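Using the hints provided, position chain B relative to the given structure of chain A.
Chain order of the listed sequences is A and B.
Last residue of the first sequence: 705 (my numbering), numbering continuous.
Last residue of the second sequence: 705 (my numbering), numbering continuous.
Hints are not guaranteed to be accurate.
No copy is singled out in the list; a pair is fine if it fits within one copy or between any two copies.
Only pairs whose alpha carbons sit at most 25 Å apart, straight line, appear in this in silico DSS-like list of lysine-lysine [to be verified]:
#1 K417 with K477
#2 K627 with K648
#3 K477 with K422
#4 K648 with K612
#5 K417 with K398
Keep in mind the hints are simulated off the structure, nothing from the lab.
Just so it is clear, the structure is predicted and the values come from calculations on it, not from any experiment.
Protein chains: 2
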Amino acid sequence: MKIVLLAGGVGGAKLAFGLSKILPPKDLTVVVNVGDDFTHLGLRICPDLDTVTYTLAGLDNRETGWGVAGDTFQALGALNKLDGPTWFRLGDRDLATHLWRTALLAQGLRLTEATSRICEALGVGPAVLPATDAAVPTRVVTDAGELDFQDYFVRRRCEPRVHRIVFRAIEAAAPTAEVLAAFQGADGIVFAPSNPFVSIEPVLALAGVRELIARKPAVAVSPIVGGEAIKGPAAKIMRELGLDVSPVGVAKRYADIIDGFLMDDVDAALAPAVQALGLEVRTAQSIMRTDADRESLARECLDLLAGLT
Amino acid sequence: MKIVLLAGGVGGAKLAFGLSKILPPKDLTVVVNVGDDFTHLGLRICPDLDTVTYTLAGLDNRETGWGVAGDTFQALGALNKLDGPTWFRLGDRDLATHLWRTALLAQGLRLTEATSRICEALGVGPAVLPATDAAVPTRVVTDAGELDFQDYFVRRRCEPRVHRIVFRAIEAAAPTAEVLAAFQGADGIVFAPSNPFVSIEPVLALAGVRELIARKPAVAVSPIVGGEAIKGPAAKIMRELGLDVSPVGVAKRYADIIDGFLMDDVDAALAPAVQALGLEVRTAQSIMRTDADRESLARECLDLLAGLT
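Next up, chain A with everything else stripped away, as it sits in the complex (with noise of 0.2 Å):
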């Protein structure tokens, strides 16, 4: 059952590592946006990309959800002491990925060939694919002004009041001829529980990526437990968006292409809620604290599409 995997950060990261445990490497495609990224000191970031390349490679820290486990941060006080920017939290062995795939970038590779590349080092055995080489920079509409993602999210904190999420560049971009030919070629389509303004909708917006899915069996997992994120800003960002902070609100804006709808067993009582948008629905614990965590709710996912056929 070959099934493609939509990604943000975390969340994303941690389901690829449990669908990793149980697919075969070449039965497993993790397409993973790349709104987040953004240029730092002249070094190209894919702050989602890293994160499911080192969950993949076993190198994630798991403290911190970001970076490499272990890592040290000389580099970062040395640029602190020369009064650079210190904002974004660089790691030295985390630096090391952005130098070189900025080096590989500038040698004329695609985004695609140079995270190929670095997973290939790293020993990543699924594909994990940026879903467009473009650049599509996700803008957020705040209080504070239109702020580049990185700005509003890190730098300050997720703080002002979001009135829109923007992707500025979207029209112009498309999806990789390899992101097609995954979506193509899937048996089943899963959206890890990634917050949908900002990991999940930026590749759904990709030119021709909603009617590919909605031709497939596909499930969604829902980022939103018992009224709260599990991590990150996507709950404040529905309050502020006026939207209905709960796995149903969730499930409304995936509706049209999934046909299956995963959510934790704490919500249990939004079932009927979720089922009367036409979703095939089951609840599991969806928490990923532990591998075990991981790859139980890789299953459930596994199980729903399979019993969708």
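Chain B only, in chain A's frame:
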């Protein structure tokens, strides 16, 4: 007494340090070779500027002669795992300098301004000036072809036989306004015991520099002691170019624009040959192992200069 020191890497940095212990910061300007500069992994790396800056800031690594004392190599280790290039040994703290310089240049600052910002942040008092803001890469024509300087010097460890040293872009390059002003305002000029071919001459080759120096009291310190270079490939290059590997050979290269020459006590027998070039000669213990050695050699240079007038 306002002094301008012409410097390459380690020898120039040590003498700059010695002079900085004697002269008030406003009276010392170090004009630094940028012919060794190169771009690596997208980073603008200026080995001589960094060696001078780190040494004046007290951060220099005295064991290696390059980089920051106590630096770590986590990023380089991670780059190695990514199959990236590791022949240029970038320390983590050192990386911060290259990242920040590259970012400042990308913001539109001149190299002179970026260097000034870095020096200020590190508490370096004397002015440290790149000889030019232009890129003037030194090329080494060897048995193995025409090589970038760092390729010859670091990657190939100076092993290929040198036929010629070429300053490719030098005709189009000008010394900066700051460098011109420093020479014009100088009461004396000192050539550090740096490599004549790849450290001092790329500065002298800039338009107008020889003429400005010729008008001022100027002394040079021999980088050749007892028939060998104190450090680096100067002696090997001189041999391969068929030149006299001795203080006399060095003095001949500068004789038309300097007035005094300082060489090591061990070469005292060669003093008449240097005097025959029309130069005032002084011998001293010129190998700088300790801080006291650095200051002592600096004092010898200032005394020699003072005695000229």
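Determine which of the earlier numbered hints do not hold for this structure and return their numbers in increasing order. none
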